[in-house]
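Produce the entire structure from the sequences given, and follow the hints as far as they go.
Order-wise, the sequence lines are chains A and B. Here the first sequence stands for residues 1 to 121, where the numbers follow the working numbering. Here the second sequence stands for residues 1001 to 1301, where the numbers follow the working numbering.
No lab work stands behind these hints, which were simulated from the structure alone. Keep in mind that the hints are not guaranteed to be accurate.
[Unchecked claim] Cross-link-like lysine-lysine pairs, in silico, BS3-like; alpha carbons within 30 Å at most: (1) A/K121 - B/K1160; (2) B/K1101 - A/K15; (3) B/K1099 - A/K3; (4) A/K2 - B/K1101; (5) B/K1126 - A/K15; (6) B/K1099 - A/K2; (7) B/K1073 - A/K58; (8) A/K121 - B/K1101; (9) A/K92 - B/K1073; (10) A/K15 - B/K1099; (11) A/K121 - B/K1271; (12) B/K1271 - A/K92; (13) B/K1101 - A/K3; (14) B/K1289 - B/K1243.
[Stated by the list, open to error] Covered stretches of chain B, going by a simulated chain A footprint (3 or more residues, C-beta under 8 Å): (15) 1080-1088; (16) 1230-1241; (17) 1254-1261.
Heads up, the beta-carbon is just placed ideally off N, CA and C, and yes, glycines get one too.
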Amino acid sequence: MKKILFIEDDPGLQKTLGDALRGAGYEVSSALDGDEGLRRAQRDIPGLILLDLILPKKDGFEVLRALKDDSRTSGIPVIVLTNLEGDREVQKAMECGAISYLVKTNYSLQEVIERAGEALK
Amino acid sequence: MRLPLWQCPPFLFVLMGFVNVAAMLGAYALATRFRTEPEIAALIVIGVSVFILVIGNLIITGFNRVAEANRIKSEFISIVSHQLRAPLAIFKWTLDLLKQKGGARDRDPESGNPSYLDILQENNEKMVQMVNTLLEVSRIDSNHLVLNREPVHLLDITRKTVQSFRQYADASNIALAVEAPDTLAPVLGDESRMRMVVQNLVDNAIRYSMPGGHVKIFIRENKQSIIWQIENNGVGIPPDQQKYIFQKFFRSSTAMKYRTEGNGLGLYIAKAIIEELNGTVDFASGGGKTVFWFILPVIKK
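As structure tokens, then:
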């Protein structure tokens, strides 16, 4: 079963997106801050990471860099899922190795699930 | 961050320096022309110089304060937009999930009236769009509009937009048609922004049409550019209000009669986008016909 790690500090989003992804047949583990996210990624080596940018302890950019610096996790595709919208942020995220940068409010639940599915292939 | 030149303090100081030196030399030249004693001439020069210095300082401080206020405003909008998006995203996805789980049951199968969830979704989407619009306007105002430059196929965008408006046009009894060649050269633009511009123009054309009216889109290629044109025979824009059409928050009186909601920002944003892409946008309204058009340069091979 394909494992997805969802690093997001909002419990409401964790529940909604988590449930939806599970409903679509994926196994989802969650992390509520950057440190926990990094730890889980290194421990579970998921098939895909959905990463928020504003996180307690370590922010999304720090987590992204740490993931890419670690040979165990550098190959895991990362989709940035955030509400921040700035060309600087998008550029920074792509330069740090994210495969997509999605502004949450611009995508329906179904679209996010589809993107996740594509990334897991 | 790209500061316009007049807001850049070092530039302003250098400029004031030159003005001061010029004023001093001018004052000295004038004083000696009228053959006054050297002390009087020196006093005049110093007097003029101090005067210019004080005025210059006031002006620069004023400019700096305006620049600072603008910066604070756009940062504020950026932060608040981001905060607003958090619950909006949760609403959006939770509603999606509820609908999936069969929550649209209260939709009337015969009349197709929307269910409560549909109503919530529609209104949530309005809030999402409002936040997006606010952010876009803020970016335009603070000179932060950075557009992608990629090949954009206007024919494709137009057809898809027309398709999405088909139901609305039919329901309002408006004939919606596109006249365009089979192939069209791509323009250099930002795909999602161009979609927004086309949607805005089509939306306006349909909305300010009367039942039984028509909306026609003409697209043609002309040497180095593509001309995209939309016309309707609707309510029109009163001549005395036409010069304000592209202004922020402006809504003509006829528009307001037809549609109470509407923020008056669509055309402001559209103009900023088209002009940023080196195009022009304009309109003509009179005699029962209103035409809006924009011209964009074709990608040079």
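Outcome of the hint check:
no.	hint	result
1	A/K121 - B/K1160	29 Å, holds
2	B/K1101 - A/K15	15 Å, holds
3	B/K1099 - A/K3	25 Å, holds
4	A/K2 - B/K1101	23 Å, holds
5	B/K1126 - A/K15	24 Å, holds
6	B/K1099 - A/K2	25 Å, holds
7	B/K1073 - A/K58	28 Å, holds
8	A/K121 - B/K1101	27 Å, holds
9	A/K92 - B/K1073	24 Å, holds
10	A/K15 - B/K1099	16 Å, holds
11	A/K121 - B/K1271	41 Å, violated
12	B/K1271 - A/K92	29 Å, holds
13	B/K1101 - A/K3	23 Å, holds
14	B/K1289 - B/K1243	17 Å, holds
15	1080-1088	holds (count 5)
16	1230-1241	violated (count 0)
17	1254-1261	violated (count 0)
Consistency with the previously given hints fails for numbers 11, 16 and 17, ordered from lowest to highest.
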